[in-house]
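S.K.: Chains A and B are the protein sequences, given in the same order.
For what it's worth, the working numbering labels the leading residue of the first sequence as 1, then goes sequentially.
For what it's worth, the working numbering labels the leading residue of the second sequence as 1001, then goes sequentially.
Derived lysine to aspartate or glutamate pairs resembling EDC-like cross-links, with alpha carbons at most 16 Å apart:
no. : chain 1 : residue 1 : chain 2 : residue 2
1   : B       : Lys1110   : A       : Glu238
2   : B       : Lys1262   : A       : Glu100
3   : B       : Lys1110   : B       : Asp1215
4   : B       : Lys1083   : A       : Asp257
5   : B       : Lys1083   : B       : Asp1031
6   : B       : Lys1186   : B       : Asp1031
7   : B       : Lys1117   : B       : Asp1215
Calculated from the model, a selection of chain A residues having no Cβ within reach of chain B, i.e. all distances over 12 Å:
no. : residue
8   : Ser2
9   : Lys49
10  : Tyr54
11  : Val67
12  : Gly106
13  : Met115
14  : Ser118
15  : Val126
16  : Gln142
17  : Ala147
18  : Val154
19  : Gly159
20  : Asn161
21  : Val165
22  : Leu260
23  : Ser264
Don't read these hints as lab results, they were simulated from the structure.
Cβ atoms here follow ideal geometry from the backbone N, Cα and C, with glycine treated the same way.
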Amino acid sequence: MSLDLALFTGINILLAWSVYLILLTGTLSFANGAFMALGAYVSGVLTAKFGIGYMPAMAMAAAASAVIGVLTGYPALRTRGIYLILVTLAITFFVQTAIENTKFVGGVQGMGGMMGTSFEIVYGSVIVVGALIWLLSRSPLQRVLDAVREDEHVAGAIGINVVYVRLALFGIGAALAAYAGGLYAHHMFFVAPDHFTIIVSVFIVLYVIMGGVNNMWGSVVGAVILTVLPEAIRFIGEWRQGVFGLLIVILLLFRRDGILPFRSVTARSGRKADA
Amino acid sequence: MLAEQVINGLVLGSMYALIAIGYSLVFGVLDKLTFAHSEIFMFGGYVGVLTVALGVPIWWAIPLAIVVAGIQGLITELVSFRKFNTPDGHITAALSSFAAGIVLIDVTQKFWGSDPKDLGIPNTIYTASTELFGLQIVYIKLAILIVTLLIMIALQILIARTRMGRNIRAVAESSTTASLLGIDVKRVTQQTFFIASALAGIAGLMLAMRGGFADPNVGLSFGLKALAIMAIGGMGDVRGAMIGGILIGVLEGLAFQYGLGKLSEVLVWVLMIVVLLVRPNGLFGRSVNRELRA
Chain A
1 MSLDLALFTG INILLAWSVY LILLTGTLSF ANGAFMALGA YVSGVLTAKF
51 GIGYMPAMAM AAAASAVIGV LTGYPALRTR GIYLILVTLA ITFFVQTAIE
101 NTKFVGGVQG MGGMMGTSFE IVYGSVIVVG ALIWLLSRSP LQRVLDAVRE
151 DEHVAGAIGI NVVYVRLALF GIGAALAAYA GGLYAHHMFF VAPDHFTIIV
201 SVFIVLYVIM GGVNNMWGSV VGAVILTVLP EAIRFIGEWR QGVFGLLIVI
251 LLLFRRDGIL PFRSVTARSG RKADA
Chain B
1001 MLAEQVINGL VLGSMYALIA IGYSLVFGVL DKLTFAHSEI FMFGGYVGVL
1051 TVALGVPIWW AIPLAIVVAG IQGLITELVS FRKFNTPDGH ITAALSSFAA
1101 GIVLIDVTQK FWGSDPKDLG IPNTIYTAST ELFGLQIVYI KLAILIVTLL
1151 IMIALQILIA RTRMGRNIRA VAESSTTASL LGIDVKRVTQ QTFFIASALA
1201 GIAGLMLAMR GGFADPNVGL SFGLKALAIM AIGGMGDVRG AMIGGILIGV
1251 LEGLAFQYGL GKLSEVLVWV LMIVVLLVRP NGLFGRSVNR ELRA
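Chain A with its partners taken away, still in its complex shape:
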């Protein structure tokens, strides 16, 4: 596995987790490609045009994306089900069109001049984020999220502010997607609007769904498989794209609940003595 592929895998794991976090509250977001684009452009502009350091730029990109995520999420999260999917798809279209029509960041031509990234930064981030999500899954907060996901009316009745929880996780997911987008931009040294099409958003969701939605490891497995698979079947040559699509269809058919379907141990079931 080349370094390049390893870095993409790490970035895609972070992206998958950004969808996973939002999905913890039962919200399926097809907007994470857009937040990724925001992160890539904000961190790119800050480092390349304003000379701000790497980490501050990434933090500011994540913060900006969280704010935009909450602002767009507030109306979007009022819708449910298929409507929510459509609204989040719309966010992806808006961001892409906005970037294409902004001369300052190069429009359709894209922009370059980022500073690069390293294996340590990417996988350090994966480990830190992974540890935080693992801690979350062992904490009482996970039970709040479970309640919101499984039945929002019951959750509301026991005093959980459902809208607030949903919005908070949407913002956190947006921030994480932006951070991953920033890593992507710096690794590529160049970004263009067509790096962040609707297909990217759909694929990030696919990582999570294919891996399994019930635990954080499913996202990792999904992201790794779907990033490495196109390279692994490179020997097929020109039919690669079609075979890749076919393999996705087959994998989904044979593992209908995801590759890792088990539900992870939460705080409650972890402590045997209580109950």
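Based on the hints, put chain B in the right spot on chain A.
M.R.: Just chain B now, kept in the frame of chain A:
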């Protein structure tokens, strides 16, 4: 000029409407979203290319598009929907159909290349026109409008008057009840997919006929817009999809007329969000309490 843009908008809108009806039928009957639909629409254009290559009269492309797209719809149903019938399976099915769409794009590009492919019919077909009430009417646009109108009438009769249509409506209302009453739900599902895909195929063919070329990239831009149109018209409501499609087509035509062509790409998504916030069930939708669980 204005009237001309309105006509262009109607032509565009009738294609949107045909695709949106397909999404709407599938969603209404199955509660499921199919992303392969927009690629089946894309392939409709290549049925036109195929027809010209075969050397048969170009009008044969219409029945051919119905059959080819219909079969593609049946295959999509088989590989991406048949097995995913749990509540959680909805989104898996949608993603699986997305992957099926990728396969279809790749196959198309392998046979005809990744650039738009010229249909290779004489140019006169795009310029032949007649004057009507002081307006230049190009025959091909007129033909598209007439074909769309005929299809919509036929569809309305099919849904409202025939036994097949009654079964489809019954399954849309409640598939469990329908199956208890002896309706073969699997067969109705297949019929729905066939009809929906055939409509998309015809729309793709018409788009190619109007422009003179088939484009492998049209699915994700043009096709997905129809998804937003379905939401504007009302989920699972065929008439809503018809009116919504034509409305958006004309609005885009007008936006073009007033120099807002760039905005037309996002116009439909903005409208969708506004409609969803004001009327969550779409402009014409009844209050249905369905939700697609993530």
